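Keeping the supplied structure of chain F fixed, place chains S, W, B, D and A upon it in accordance with the hints.
Protein chains: 6
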Amino acid sequence: MSTQYERYQRRAAEVPLATAEYIAFASRDTFLGVPARRLDQLTDDPAEVVILGAPFDWGTTYRPGARFGPKAIREADYGAMDGYRPHLPTGIDPLGTLGVVDIGDVFVVPGQVELSLERITEVVERVARTGKVPLVLGGDHTITFADATGVARVHGFGQVALIHFDAHADTGEHQNDQLYGHGTPMRRLVESGAVPGHRFVQIGLRGYWPEPEVVEWMRSQDMRFYLMSDIEERGLRTVVDEAVAYASRGGVKGVFISVDIDVVDPGMAPGTGTPEPGGLTSRQLLDAVRRLAKELVVLGADVVEVSPPYDTAEVTAYLANRVVLEILNGMAERKLGV
Amino acid sequence: MSTQYERYQRRAAEVPLATAEYIAFASRDTFLGVPARRLDQLTDDPAEVVILGAPFDWGTTYRPGARFGPKAIREADYGAMDGYRPHLPTGIDPLGTLGVVDIGDVFVVPGQVELSLERITEVVERVARTGKVPLVLGGDHTITFADATGVARVHGFGQVALIHFDAHADTGEHQNDQLYGHGTPMRRLVESGAVPGHRFVQIGLRGYWPEPEVVEWMRSQDMRFYLMSDIEERGLRTVVDEAVAYASRGGVKGVFISVDIDVVDPGMAPGTGTPEPGGLTSRQLLDAVRRLAKELVVLGADVVEVSPPYDTAEVTAYLANRVVLEILNGMAERKLGV
Amino acid sequence: MSTQYERYQRRAAEVPLATAEYIAFASRDTFLGVPARRLDQLTDDPAEVVILGAPFDWGTTYRPGARFGPKAIREADYGAMDGYRPHLPTGIDPLGTLGVVDIGDVFVVPGQVELSLERITEVVERVARTGKVPLVLGGDHTITFADATGVARVHGFGQVALIHFDAHADTGEHQNDQLYGHGTPMRRLVESGAVPGHRFVQIGLRGYWPEPEVVEWMRSQDMRFYLMSDIEERGLRTVVDEAVAYASRGGVKGVFISVDIDVVDPGMAPGTGTPEPGGLTSRQLLDAVRRLAKELVVLGADVVEVSPPYDTAEVTAYLANRVVLEILNGMAERKLGV
Amino acid sequence: MSTQYERYQRRAAEVPLATAEYIAFASRDTFLGVPARRLDQLTDDPAEVVILGAPFDWGTTYRPGARFGPKAIREADYGAMDGYRPHLPTGIDPLGTLGVVDIGDVFVVPGQVELSLERITEVVERVARTGKVPLVLGGDHTITFADATGVARVHGFGQVALIHFDAHADTGEHQNDQLYGHGTPMRRLVESGAVPGHRFVQIGLRGYWPEPEVVEWMRSQDMRFYLMSDIEERGLRTVVDEAVAYASRGGVKGVFISVDIDVVDPGMAPGTGTPEPGGLTSRQLLDAVRRLAKELVVLGADVVEVSPPYDTAEVTAYLANRVVLEILNGMAERKLGV
Amino acid sequence: MSTQYERYQRRAAEVPLATAEYIAFASRDTFLGVPARRLDQLTDDPAEVVILGAPFDWGTTYRPGARFGPKAIREADYGAMDGYRPHLPTGIDPLGTLGVVDIGDVFVVPGQVELSLERITEVVERVARTGKVPLVLGGDHTITFADATGVARVHGFGQVALIHFDAHADTGEHQNDQLYGHGTPMRRLVESGAVPGHRFVQIGLRGYWPEPEVVEWMRSQDMRFYLMSDIEERGLRTVVDEAVAYASRGGVKGVFISVDIDVVDPGMAPGTGTPEPGGLTSRQLLDAVRRLAKELVVLGADVVEVSPPYDTAEVTAYLANRVVLEILNGMAERKLGV
Amino acid sequence: MSTQYERYQRRAAEVPLATAEYIAFASRDTFLGVPARRLDQLTDDPAEVVILGAPFDWGTTYRPGARFGPKAIREADYGAMDGYRPHLPTGIDPLGTLGVVDIGDVFVVPGQVELSLERITEVVERVARTGKVPLVLGGDHTITFADATGVARVHGFGQVALIHFDAHADTGEHQNDQLYGHGTPMRRLVESGAVPGHRFVQIGLRGYWPEPEVVEWMRSQDMRFYLMSDIEERGLRTVVDEAVAYASRGGVKGVFISVDIDVVDPGMAPGTGTPEPGGLTSRQLLDAVRRLAKELVVLGADVVEVSPPYDTAEVTAYLANRVVLEILNGMAERKLGV
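Protein chains in written order, with my numbering: chain F, 1 to 338; chain S, 1 to 338; chain W, 1 to 338; chain B, 1 to 338; chain D, 1 to 338; chain A, 1 to 338.
Same shape as in the complex, but just chain F (with noise of 0.2 Å):
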């Protein structure tokens, strides 16, 4: 048996992280720079949030890329990697008001969809366990079942309610035959009852999938979303309005909030897999989920389908850096009172 193949399974076999030393295209350091944490070394870090990796794409259906995403999402930014960022709006360091540590990405196998996914879950169950907030770079949208599922596991199935951004409404039945994929996280939620139909609001849904059929269950599973005609019309600022009350309905814990990068338009934000025109300004996403993570109490979020391949002078990497600064300000001001 050769070396190589012998220090990846011993590693495999001990601890559900894996690094670049394992795989090549993990990341190799923190978002912008944060403070490195192990796994095991959480518990007693006074950090509250907990940024992670799922450098996984084998759930896509259609252009794959999504695995460099973590490293792509961690590494987009100008300025010097200090784990320092002042809202100029407030002035306030969400990394530091809020404690971010990074623990890198999770060790998931490349080919193996359920192997991964369990991995995952675990991992994000172990930081959801420590009172801190996980915080999930994907990889392809399939994660969220993993990543809203370990939060679930915590908090209680059905006492988290889920705000999804995404072109796509990712309740499909199966795809290609198979229970897992890019197409169908929120079928799995809402069946396994992790996240009941409920307890979702999906925004910016639009195009020509999924079909009638499809939409009629999510409707009886009294999904709520909005369609960029609906925001359209009425305006983004009212439809967050009534996702805030619609998540913060009886009794609920917190939220997950999931972000497609997808959501914006293809024009904007050409780096992603299934790209669908007519979506959401970058400006609008940003506002959003800022005001989301302020008026919510935010229990976990994943940023995915972030496709380096594809993108175009790392636009959209830098878009998906900014959506996660964005929800950490919220959550800073939420803690500060401002």
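Any given hint could turn out to be false.
Unchecked claim - Cross-link-like lysine to any residue pairs, in silico, SDA-like; alpha carbons within 20 Å at most:
#: 1; chain 1: F; residue 1: Lys253; chain 2: F; residue 2: Glu114
#: 2; chain 1: A; residue 1: Lys294; chain 2: W; residue 2: Phe157
#: 3; chain 1: B; residue 1: Lys294; chain 2: S; residue 2: Ser229
#: 4; chain 1: A; residue 1: Lys294; chain 2: W; residue 2: Ser229
#: 5; chain 1: F; residue 1: Lys294; chain 2: B; residue 2: Glu233
#: 6; chain 1: A; residue 1: Lys294; chain 2: W; residue 2: Glu233
#: 7; chain 1: A; residue 1: Lys294; chain 2: W; residue 2: Thr130
#: 8; chain 1: F; residue 1: Lys294; chain 2: B; residue 2: Arg153
#: 9; chain 1: S; residue 1: Lys294; chain 2: F; residue 2: Asp230
#: 10; chain 1: W; residue 1: Lys335; chain 2: D; residue 2: Pro212
#: 11; chain 1: B; residue 1: Lys335; chain 2: S; residue 2: Pro212
#: 12; chain 1: W; residue 1: Lys294; chain 2: D; residue 2: Lys294
#: 13; chain 1: D; residue 1: Lys294; chain 2: A; residue 2: Glu232
#: 14; chain 1: S; residue 1: Lys294; chain 2: F; residue 2: Leu227
#: 15; chain 1: B; residue 1: Lys294; chain 2: S; residue 2: Leu227
#: 16; chain 1: F; residue 1: Lys294; chain 2: F; residue 2: Val252
#: 17; chain 1: A; residue 1: Lys294; chain 2: W; residue 2: Thr19
#: 18; chain 1: S; residue 1: Lys294; chain 2: F; residue 2: Asp45
#: 19; chain 1: F; residue 1: Lys294; chain 2: B; residue 2: Glu232
#: 20; chain 1: D; residue 1: Lys294; chain 2: A; residue 2: Lys294
#: 21; chain 1: A; residue 1: Lys253; chain 2: A; residue 2: Arg334
#: 22; chain 1: S; residue 1: Lys335; chain 2: S; residue 2: Gly99
#: 23; chain 1: F; residue 1: Lys294; chain 2: F; residue 2: Thr238
#: 24; chain 1: B; residue 1: Lys294; chain 2: S; residue 2: Lys294
#: 25; chain 1: S; residue 1: Lys294; chain 2: S; residue 2: Gly251
#: 26; chain 1: F; residue 1: Lys335; chain 2: F; residue 2: Asp45
#: 27; chain 1: F; residue 1: Lys294; chain 2: B; residue 2: Leu227
#: 28; chain 1: F; residue 1: Lys294; chain 2: B; residue 2: Asp230
#: 29; chain 1: B; residue 1: Lys294; chain 2: S; residue 2: Asp230
Said to hold, decoys possible - According to the in silico footprint, chain W covers these stretches of chain F (three or more CB under 8 Å from chain W):
#: 30; region: 49-62
#: 31; region: 102-115
Simulated from the structure, these hints should not be mistaken for lab results.
On a predicted model such as this, the values are computed, not experimentally measured, just so you know.
Even for Gly, the Cβ is constructed at its ideal location relative to N, Cα and C.
Just chains S, W, B, D and A now, with coordinates in the frame of chain F:
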């Protein structure tokens, strides 16, 4: 005489449609997988809309490449090519509702402007003659002279309104000393009487062309046009309201919708030949064409000036594909009375 | 249950071949316009060579994208798609001389490694069973395990030599803890006995992988391999001479030629997933495969690891297209005895 | 001593302007074909506006490339380079109406920050001294210290307001331990008194820089700034109204307009060095600068931070070209009183 | 009649040369900064070589874009544009030694094939008439019919040999039913007698075109051609030896060198329209043209098929620029007798 | 004074090495995962080779971007970042055999040429002082003045030979009136005596620079150089033989190998700033450096002029990574006596 040339000649003499068997840049499959038809099969076909390509770009004055447009537009999707596209807001599948077939590309000849235009005109006319709506994928904007003329030959000169989305008025007197080119089609249509000036509504004009003498001529012909500055000031909704009203006047039989993709801001739709900053957003264009196709009788349409060599991650081709779908959606909604 | 899913399931149960109707990234037309056939039409068809695609890239460890390879390779030409390509040096049209047809792409399932490999193996076997030569367009190199196994099932385990152009030996013991992937196909072939070690000739290896234990294993299996340093020193001509001799030993029935496009220098063939600098020139590869196909009995072939998202101006896809043509030319020259 | 070096030195000693004869990345023709002039020919020339380039990017902290900006901006058009650009809304040709000439690029020295700034300052001053309006094509934003200082030397320190479109405030105390760089020009202008803080209006700021201490300093200097969040909330129209009012206060002689192209969203303007998501649309910027130039007395302007290596299909260079034209249009409308 | 059109028409009637003032894609400066001349200034000018551009690509059958070739080739250098390029091996500056001037671009008309060819022919003839050597920057290969005809009109039909570097023979009988295009120029030259078949030497041919009937015709005309397989087998040095001997036979007055950049492998020269894998290296081409220009009397030359939209980092334009310089170096060495 | 600036200043005062915490474009991880070390930890470390980066490109005269070189070169691999790279021909892992560590990037200051060079020199000297071999990742070629000077300070002025792979001699007298830049480092080294002319061997020169006066000076200094035309004629093997002999003369202590990536043909290595067509192939360069490092005592090395913004699919960065590995392989083979 060589075999290849003989075959080419024989084919060219026979029919006005070519495939990649004769022109390498012709499309090799149908729009999103709708059924393929031959021109001579249309009469008894129940389909109401016929898609055809015009891979013609030798009417451009600057960046060429639109010859690859029809192929790129037909293929620009991440979904299965199954001829089924249910619209998310309504559940209506316009492809099935209307019956949409694809007859491939017109047998244009690179470098031959007038011969190519004649062939396009002939094919469009023959399609319209069957009572179906021709929807032409360009190609540069020169082809609209052929497209609209073909429709007018069937429905009557002066009986068809032309709603024209574009950054440019395309009413040049001549182009490099020639009558036909992508800067002159609207002038030729007015002059020939196929579409008189008072049947024109132009939306999205901006920039520094054409010069005042030409604008003066446009006004003298009673052409209606809306600049981007008008749209910014008065709102696109109002402009579309007026367009509907204007295009419905005086016993017109219906409209031809011509969409130059450069009406959208080049930052969002870079794959085009004569980019003019400051345009519509993708969202605005998609909403506008659907609404027009719903509120008016569409007799023909074209989508032009997509130049794949200048595109990034195919975002412009995707946008053009969706423009086609949204026009079809409007038509389907009108048909179903929703 | 949704309509789309039902249709997909029904189709998947029926046949092992898919088209873009089921997988959006599948090819939509045939290789350079050769006639299309269904798998069940082959028996009575006079064609001697059958092209098929395997749009599979979930066996990659690094850059994905080879799922778009079959489509890109089939279309990479500036000539008419008329199934006629007379070779300039001889005037022979290998497509017509041999009879070449295209059955489209295997119905692979994104993210499902073993199921997909089984389907590829089955299709290749069924093609070979008809006495025709399967020529597979990849896809990542994982598929060669399926391709060569399918051929060996018909012509006999141990009865087929494998000539393998590659920067990498692809003899890894495991890959990320899995048996199947693009780093292990040759190991699996040796282990299963489909192609024993002494039937292997590898050409173009270089770089820093696999590790010495694996190279030792390769030697223990009597695999023959030529490093780029050997080629630089002794000349490619000599290496090919030896390859012909080695592959002809001991009553072998014929050869399977497997070309990983990364055998060519990444500076000349950038569109690939695991580029290793210092490779062959395009010219060298084209000459070598033609000569091999002329001097040996070809029982099957594949061309793999073309990743269009990383290509520039399609140069890598063009090269792969010509590798296919040169293999066919060699076969045609052999057939005609020129 | 070598001949080339001797020629270079002789030239450098003589005049502050260079051409491609001395710096390969200098522009080789004039802005849209306006007449070329030498600096010493300006005095008696009737032109009111003088375009010059500052191909300087060694003040950048991250992505360089803006040295190719002046050339790219001058050439970014699909129309004939004939110095004639009638504005579609008005028919006014600002190039002819104002008289616009181009004196080429300042003879900057790669890697020499201060010497280059001195030369830029000198040229701008000499242009302003003739009573004409200098319009500088950058280059990175470092040059605005030179540009505005050159104008202030003529019109008086403290007598010129500076309206600054940017994602960044550029008021850093130092940059990598240096005084001059693209993060500090506004600080230096305030400190030198060329443009005191109360003469500043900044529009479009966003993101996470500069830090609170610097923002505090900005406030202490009475600098007026509008964040993107302000613009979203109150509308750009209102913001521009206030900018006009603020910039007109207290006997100011006129304004200098400085446009950092990164004020526009990087999704729409990717060709820049320090992209900050969430910016203005192209349309918004074009409308704003035209209105400002119409309502205020423009004494100078610059357009900076266009970095062609990061651009796609030249869309960012086109946008910058139109920013220049819209400023000129505003000035022409003011001159004609329309 | 509009002003712009009037100016255009007046200009077009007057002279056969245009600039960017009339055609936006025309070059705006001279080749590497050599002196600019007007066509009517040549007679008394001591220069021996005259560079001109033919921004013509409407003779292409596949990818267009070569209209941007002349501009790109002229500018493709990192050195100062000072008209001075001492060759490293010899110290000779061919630009100064020979006297090289640039008269700009021929006033071609987009979409007008024959008119454009006539103008090119006329300009080349007028240049050759002054006793100078025309060196034409293309443009697609259609122009060689014009270029070589213009030279032959002066030096005598049948008196000029044509050495032709190309992947393709360009001897098609027709092209899409037309006489003129980039696949037929050599046929037309043979037929017209300007360059009879026995005066042709073609180097670098490969691939699958033209078909045997055409190759047979080439042989019947006594055209000499070297395939890449010949070059691989016998060495480029030998081939060039033979080319020199063949081109010198029978009282010929000199040679015209026509370099289609696609003779180089597309992996090294991607910016071209009809890429054919398996070509020369850049080094081989540069050495060959210099040697030919040194050993033969050059009466004219062209460099064609550079298509900037498909280029990467301008490498193809740089290569074409150096092909021009190496031809000039060979001529200069011959002149100086070194 | 702002916090960020204070931190920066404190850091800058302390140590000569920076990380991405201070310069955003600095590398964030080590070369292929070798162990990270601080400069002050080297003395007792058993490692024999120390990798460091010099992200400096403000010495370029044309295209910048090499500041991103060190990061790109370190990461350019598809294998796990585990510091283990067994060479396929020998099985030797040079990283482990030699002991290779990475100390990160020198704390250079954008826009400050001399200060940056001083810091680089100091770090290289301190590394060499520990008896280890510094291997510097550039950065533009200006840094070789610092790199080789740092080595010479330890091993003695005039005691180190410099083998220099490059398209350009880099012996310019001045560069834009400055002493230091990427066109002058070799001149400065000769003048200072760090590396006298007779210690130079330059390989791969070509093109049109420097001018004859400078070449004359090179000869007067007894510099040995091989043009590409020499290599074509005599073979690279012979040239390397002579280089070994020349570099070993006269009691030299060892060699410094400086590889400008533009020695390779730009068609194969497009990501560089001053591309000169007609260079070596990647294969040639890799073989040459390995052989030199095996046959000579390497005291230091650098790999420069990789400019990622101009690269395609990272092929140039990959090549540079392999150049480093091949140098290390040669050193490891020498150490082990194989």
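For the pair we were handed, A/Lys294 and W/Glu233, check the Cα-Cα distance against 20 Å. holds, 17 Å
Holds or violated: are the alpha carbons of B/Lys335 and S/Pro212 at most 20 Å from each other? Since the Cα atoms of B/Lys335 and S/Pro212 sit roughly 19 Å apart, the hinted pair holds (cutoff 20 Å).
Just to be careful, I want the Cα atoms of B/Lys294 and S/Asp230 compared with a cutoff of 20 Å; is the pair within it? With Cα atoms ~18 Å apart, B/Lys294 and S/Asp230 stay inside 20 Å; holds.
Need the status of pair F/Lys335, F/Asp45: alpha-carbon distance at most 20 Å? holds, 18 Å
Against the 20 Å threshold, does the CA-CA distance of S/Lys294 and S/Gly251 hold or violate the hint? Roughly 18 Å between the alpha carbons, so the hint for S/Lys294 and S/Gly251 holds.
Given the proposed pairing of S/Lys294 with F/Leu227, does the C-alpha separation stay at or below 20 Å? Within the cut-off at roughly 19 Å; holds.
Against the 20 Å threshold, does the CA-CA distance of W/Lys335 and D/Pro212 hold or violate the hint? Holds, because 19 Å separates the two Cα atoms, which is no more than 20 Å.
Measure nothing beyond the straight line between the CA atoms of B/Lys294 and S/Leu227; if it is 20 Å or shorter, mark the hint as holding. Since the Cα atoms of B/Lys294 and S/Leu227 sit roughly 19 Å apart, the hinted pair holds (cutoff 20 Å).
Keeping to a limit of 20 Å between CA atoms, is the pair of B/Lys294 and S/Lys294 held or broken? Violated. B/Lys294 to S/Lys294 sits at ~41 Å, over the 20 Å cutoff.
So if I understand the rule, the pair passes when the alpha-carbon distance is 20 Å or less; does B/Lys294 with S/Ser229 pass? holds, 15 Å
Verify the proposed pairing of A/Lys294 with W/Thr130, using a straight-line Cα cut of 20 Å. violated, 55 Å
Agreement of F/Lys294 and F/Val252 with the hint, judged by alpha carbon distance not exceeding 20 Å: holds, 16 Å
Of the numbered hints listed earlier, those contradicted by the structure are 1, 2, 7, 8, 12, 17, 18, 20 and 24.
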